[in-house]
Amino acid sequence: MKSWKLASILSSVLCAALLGAPPARAAETIKVGILHSLSGTMAISETSLKDVALMTIEEINAKGGVLGKKLEPIVVDPASNWPLFAEKSRQLLTKDKVAAVFGCWTSVSRKSVLPVFEELNGLLFYPVQYEGEELSQNVFYTGAAPNQQAIPAVEYLMSKEGGGATRFFLLGTDYVYPRTTNKILRAFLKSKGIPESDILETYTPFGHSDYQTIVAQIKAFGAGGHTAVISTINGDSNVPFYKELGNQGLKATDIPVVAFSVGEEELRGIDTKPLVGHLAAWNYFMSLKNKTNSAFIKRWKAYVKKKGLPGGDSRVTNDPMEATYVGMHMWAQAVQKAGSVKVDDVRKAMAGQTYAAPSGFTLKMDETNHHLWKPVLIGEVQGNGQFDVVWKTDQPVRAQPWSPFIAGNEKRAEK
Amino acid sequence: MTAMTRRLLSLGTSLSWPQWPLPGTGLRTLFPRRTWTIVLGAYALLAVVVPVLHLAVPASSAWHVGDYAVTLGGKILCYATVALAMDLVWGYAGILSLGHGLFFALGGYAMGMYLMRAIGSEGVYGDPILPDFMVFLDWKQLPWYWHGSEHFLQQALLVVVAPSLLAFVFGWFAFRSRIRGVYFSIITQALTFAFMLLFFRNQTGFGGNNGFTDFKRILGFPLANPRTRVALFALSATWLLVALIACRMLVRSKFGRVLTAIRDAEDRVRFCGYDPVGFKLFVWTLSAAICGVAGALYVPQVGIINPSEMSPANSVEIAIWVAVGGRGTLLGPILGAALINGAKSWLTVAAPELWLYALGLLFIVVTRWLPDGVLGLLRREQK
Amino acid sequence: MTGLITAVVLSVGLDAGTLEKIARGNQAERQGAISTLAAAGDAAAVPVLRATLEGRLYAGAEGPVLIDDGGTLRDALTGAPAAPPDDLEKVVINNRLRRTLEGALVVLSLSAPGRAERLDAVRALQRTPDPDVLPAVESALAKEKDKEVREALITTEAMLALSAPEAARRTAAAQQLRRVPGATSKRLLTQRLAVERDPAVLAALKEASESVEASLKRAEMVGLLFSGLSLGSVLLLAALGLAVTFGLMGVINMAHGELLMIGAYATWLVQTLFRRYLPGHFGWYLAVAVPASFLAAAAVGALLELTVVRKLYGRPLETLLATFGASLLLMQAVRSAFGAQNVEVANPDWMSGGITVLAGLVLPFNRIAILLFGSFVLLLVWVLLSRTRLGLWVRAVTQNRQRAAGLGVAAPRIDLLAFALGSGIAGLGGCALSQIGNVGPELGQGFIVDSFMVVVLGGVGQLAGTITAAAGLGLANKALEPVAGAVLAKIVVLVFIILFIQRRPQGLFALRGRAADD
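Residue numbers (this note's numbering), protein chains in the order written: chain A, 519 to 933; chain B, 22 to 404; chain C, 2 to 519.
List of simulated lysine-lysine pairs, DSSO-like, C-alpha gap at most 27 angstroms:
1. A:Lys929 / B:Lys161
2. A:Lys929 / B:Lys237
3. A:Lys819 / A:Lys581
Source of the hints: derived by calculation from the structure; they are not laboratory data.
Chain A extracted, bound-state conformation:
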């Protein structure tokens, strides 16, 4: 009969896992979901977002919380597995009954959770720069759309100050963000009179590490002079790419490379001396000098120390972290204004929210298109892994999630 006992124990464990914990007590806290990969390929980028989200929650709670209640973070690990993202988001919304979710990084993860959020009328804050072509009533996008990152960067490259580039090598990892961005850029370059023969587009797979051939292609293409590389290479692959560039003697003064997915975090793994002068375009840099940013960085470093996070002093802040920080504060403000955590009320209250961000600008959540007005900053890599800002917009720029450079978008309404 022992086997029956064992079997019943096993099956009850299984049922418990499936049916979940007993119903929660009366809510003294407001639950907030954090949906970032803590293991797998995306852990490198997303762990910092989880950490800064937890820090922000602590900050908000220290000031008394929201609506008199403390925020309680519910952290789940979808392990860089896209179906698991959908499953975890469903869990956060139905079982944990969170008021809002801060999460996702890759477009795949966002697209896999979107149906869940739309079905269950949840609220997702998405902090990463992306390709646009989306506008969901259940998502607030605190990262840059292409017109807040890619297009200004190319304009800078084409300007006299940026080197007067006339030939462009579009290099990306093979997935939707680079493909869409390059599509938009092609149309943009065409509108500026750049002929097809002066544009070359190439893609490498995720995790690609041998860039010898690609760099040789860049060299050959660059023989035509006034060439710039627009890189949408994602994640790890940036390290071997920049190493190969540096070693084969391609300096930023010969052929500058502007990247859209390389920030302080990605440069942490490279010796940046050969890369001095290469560019990145973001809405925030850690090296920005203003009071809000100094306070933000100080708080972050203290948090890292307090929690003993791996990396210690070498931990950095970057654009998606700032976007998470701003998004969370805006949400808290909206809840306070709406007087409730109900998604429909908060959604209305989010329109027009402003926040003085570490970028030194006051960011505004647009009234209709669920995107932030963000400033555009172009930075050059320095030998210490930080960026020197060489150009910036005077004012935050309104996002155009439906890029006017993609055919068919003229008909799209921004509800």
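Mind docking chains B and C on chain A? Use the hints.
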């Protein structure tokens, strides 16, 4: 008579009528009575009780089975089916495949194609024919291999045919060249890796890294509807039962005996006059077909299919489900898949950093100390 | 440094006004100021320009412009130490200014006292020829005595003289350019071909252009060969350890990738220690990292063998699964210890950069080093296996365990040593990989399938197989990549291997009588 014909004939004779247990009398003897009770009881619970609890019982009641449980349960049932299929080839034929995830994923993609077409004009770009990802790639028309994918029957056929055909061709070459053991396992890893790279390419026309997502309906039934959801759940349970019975019939027949003989001493079986290739090829293809259908049931429940389903690591995990449950028992792998995936869902919430430690230790502990898996442990307790 | 700065006082052209423009002017003013300094040709302006380029120039909203001279702030004009005002900020430059600064420095360096400095300056001018510099080049050529520098100057002059008004000069320039093929020559010749009217010059240009084109094609071929061999050497280092354990012991180690990763992390640790305690000798860290990564990986491998592999001897499929579990454990352990993020492994100075071999072909030092390192490791392994007693025992145990045991060879100990050896070699592979790519917990995952393919293709039991397979796969991959793209190239190679194995299951070079299956 060509070698091919000879092989097919020998295959045919091994499957000939008198050796199969006759239906009716045979079915009852498939399992011992107690096992039948457990199996049918579990099936009734899954296919009848759960739908009732999900649909008829109000959400506030403690007896209500929520969406989360239904979708998670459906997913686990599909995985259990894959584990069963894997046990058929590994536990009974001794073929350790480390690429079975590929067949699962191919079935999933075939169903995904239909579901993408079923979105119709409700996609982001509103194109009635082309799925969204093709519109943004600037493709003007459907590639030839997408023609007819709006017909459910065609795709349902493809769900079975695509993985089976691939398995057949691959197996034909591999078994004929007598590739066995670890070599075979490594080659299956290479196969699934190659396909994963292929499907990651946007130019291949299967959605690239994003895969297929944003499904709206299946056969006209909206996927967000709880009734559709629980119907898919019940179907997954049904398919698992059907596959279980079919596999059981197969392994208890004379065919099955020859199969286990091949597992234990292939050369000797060859010397006895049987051609192992036909036997291995048959179970290999059957296993792939079972996985394909499981994949097709998985995709509408999970809402996304993407090339990481074909990753080599995923396929190795399938092997551990079988090993944990108990190799060569058919029921064991089902239990193993349920246990491990249940633990995964729980640990990635409760203690995410621990999950990988737990999984790694599980691999080592099971292969070292529990060669017969959990089921073996249970059976030993009985004696 | 102080001396140079005081010399600034005596310079012509470098005055408060120019400094003001450089530090606080707008883009156009800064460009102008720098160009003026360059045209004035006064080498004493070099320190200020260099400081600006290196980010050592500081200025507040008003007041003197300061240079950070190794820690002390000095007035750029007088050289005297100065107190920094509150709003002192670094003078930020962008790429365009950087280019101008480098150009100005180069021009000024044309008249530098050191020969090497002059040569570097001339070579730099060749990379980005600017016709405005022609007078400076001509005057430098008039003064130059050193032969090599003269040669370089003549070439530079030719590059700039392509657009000279005299036809004869243009023809001479075209012919000179033909002698120095490269991307720049090609571009200049092509640009000139588009606008040239004089038929004689046209003919010379065409001839030169074709010749340069041919040289470039040759360089491309050599480049392809090198990159194929380079990839091959990486594959070899990654797969050699696996070839030893699998080929000699029949053990499939799915944790092999993680042993690579451990070697890479060991390298990182050594590098970090050197950075902290021996920064002056940083260039030597590899000398310590190589044995360290070998030992670290060998230790982990030995542990793996004792706890897992040994108990599953004779059951290869179970070993496969158990070692997969070990790989998960190792990855997660490293993640917990060092974080999920990648860690930075800096190349020592002598490994950065490359050597220019042919027209426009630069062979990076780190890849050359890895090629040599791979060959060295291979040689070591071969010597170990074929010329030492340990190697003899390993081969004996592999070929016939019973008989070897009967002859007194302690098989379990040999197993342990062989596995540790294979793991140690993987560690060496990881050390090499850390120099060209990422170091993170997932490092091994990117190489595991490739390593298996090399071992399976090459055949077990013979090193020659592993070498051939690695080199062949590297070359095939690189040959296909420009044509089909990285992904298709890889897929084609994988499919080829799968098909090849059907034809010849034992691999390229197979030891007769070996069977790694049941």
